[in-house]
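Read in order, the letters of the sequence shown correspond to residues 1 to 161 in the UniProt record's numbering.
Treat the hints with care, since some could be wrong.
Below 16 Å or equal to it, Euclidean Cα-Cα: the simulated EDC-like pairs (lysine to aspartate or glutamate) are [stated by the list, open to error]:
| # | residue 1 | residue 2 |
| --- | --- | --- |
| 1 | K82 | E69 |
| 2 | K82 | D49 |
| 3 | K116 | D49 |
| 4 | K82 | D104 |
| 5 | K116 | E69 |
| 6 | K82 | E4 |
| 7 | K119 | D49 |
| 8 | K119 | D62 |
| 9 | K73 | E4 |
Listed next, with one range per pair, are the computed distances between beta-carbon atoms [claimed, not checked]:
| # | residue 1 | residue 2 | range |
| --- | --- | --- | --- |
| 10 | R86 | S45 | 22 to 28 Å |
| 11 | A52 | N94 | 21 to 27 Å |
| 12 | T44 | T22 | 31 to 37 Å |
| 13 | T14 | R120 | 21 to 27 Å |
| 14 | R86 | W47 | 34 to 40 Å |
| 15 | G24 | G50 | 37 to 43 Å |
| 16 | K95 | E21 | 23 to 29 Å |
| 17 | W47 | E21 | 42 to 48 Å |
| 18 | T14 | D89 | 34 to 40 Å |
| 19 | Q43 | T6 | 35 to 41 Å |
| 20 | T6 | W47 | 27 to 33 Å |
| 21 | R91 | T22 | 34 to 40 Å |
| 22 | G93 | V114 | 47 to 53 Å |
None of these hints come from the bench; they were simulated from the model. A virtual CB, placed ideally from N, CA and C, is assigned to each residue, including glycine.
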Amino acid sequence: MSGETTITIIGNLTSDPELRETTGGHAVVNFTVAATPRVFDRQTSTWVDGAALFMRCQMWRDAAENVHESLTKGARVIVTGKLQQRSYDDREGNKRTVVELVADEVGVSLKYAVAKPIKRSHRSRHSGGTTQKAAIGSTKNTGGVGDDPYTGFTPGSDEVA
1 MSGETTITII GNLTSDPELR ETTGGHAVVN FTVAATPRVF DRQTSTWVDG AALFMRCQMW
61 RDAAENVHES LTKGARVIVT GKLQQRSYDD REGNKRTVVE LVADEVGVSL KYAVAKPIKR
121 SHRSRHSGGT TQKAAIGSTK NTGGVGDDPY TGFTPGSDEV A
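Can you make the complete structure from the sequences, with help from the hints?
Below is the structure:
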């Protein structure tokens, strides 16, 4: 839909992503990203933290499961999506309005970490498929050509599948 406000936020997860299932059977994950800008203070000639922004985010379906299985509290992430404003009544009957980021894409920032993505075949929550976590934060390179699922190469073989 045109006219939607698309933003990108870079920051750290404040807690582990929370996965739940809607009554319609769709997976949705909720998480909060804290983005704290660093600003230069000319009086002290030092860098100081600016005002932190806490953005509540959500992602849906298979991507929600990927976020839940891949990310943990403290992970530095890059989130791109559309802002959504919604209103609700709290437990005391007061009307509340929140602005959330409905994520189209979530990725790990490689500024301070190393990641080895693992491509997942399409599956639903109820298909009984196996899951694997990406090696995030690892500084050891354990992958070789034989470990690459996209080459079709098996060590000891001269053929590409």
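Taking the hints in turn, this is what the structure says about them:
Only pairs whose Cα atoms come within 16 Å are accepted, and K82 paired with E69 is rejected, the gap being roughly 23 Å. Proximity of K82 to D49 is assessed by CA-CA distance (about 26 Å); at most 16 Å being required, the pair is judged violated. Pair hint K116 plus D49 does not hold up; C-alpha atoms about 31 Å apart against a cutoff of 16 Å. A hinted pair counts as satisfied when its Cα atoms are at most 16 Å apart, and K82 with D104 qualifies at roughly 8 Å.
Between K116 and E69 the alpha-carbon distance is near 14 Å, which keeps this suggested pair within the 16 Å criterion. Taken as a hint, the K82 and E4 pair is honoured in the structure, with Cα atoms around 6 Å apart against an allowance of 16 Å. Between K119 and D49, the direct Cα distance comes to roughly 36 Å. Violation of the 16 Å bound is thereby established for this hinted pair. Taken as a hint, the K119 and D62 pair is honoured in the structure, with Cα atoms around 12 Å apart against an allowance of 16 Å.
Between the alpha carbons of K73 and E4 the distance comes to roughly 29 Å, so the proposed pair goes past 16 Å and is violated. Look at R86 against S45: about 44 Å separates their beta carbons, and that is not inside 22 to 28 Å. In this structure the hint that A52 and N94 lie 21 to 27 Å apart at CB holds, the actual value being about 25 Å. A beta carbon spacing of about 50 Å between T44 and T22 contradicts the range 31 to 37 Å that was offered as a hint.
Remark: the range hint 21 to 27 Å for T14 to R120 is upheld by a beta-carbon distance near 26 Å. Taking 34 to 40 Å as the suggested C-beta distance range, the pair R86 and W47 conforms, at roughly 36 Å. Checked against the hint of 37 to 43 Å, the pair G24 and G50 passes, with Cβ atoms roughly 40 Å apart. One distance hint, 23 to 29 Å for the beta-carbon pair K95 and E21, holds here, with the actual separation near 27 Å.
A hinted range of 42 to 48 Å for the beta carbons of W47 and E21 is consistent with their spacing of about 43 Å. About 25 Å separates the C-beta atoms of T14 and D89, a value inconsistent with the hinted range of 34 to 40 Å. Distance hint for Q43 and T6: a CB-CB separation of about 37 Å, consistent with the stated range 35 to 41 Å. A hinted range of 27 to 33 Å holds for the C-beta pair T6 and W47, which are about 29 Å apart.
Separated by about 21 Å at the C-beta atoms, R91 and T22 break the suggested range of 34 to 40 Å. For the pair G93 and V114, the supplied restraint of 47 to 53 Å holds, since their beta-carbon distance comes to about 49 Å.
Comparing the model with each earlier hint shows violations of hints 1, 2, 3, 7, 9, 10, 12, 18 and 21; every other hint is respected.
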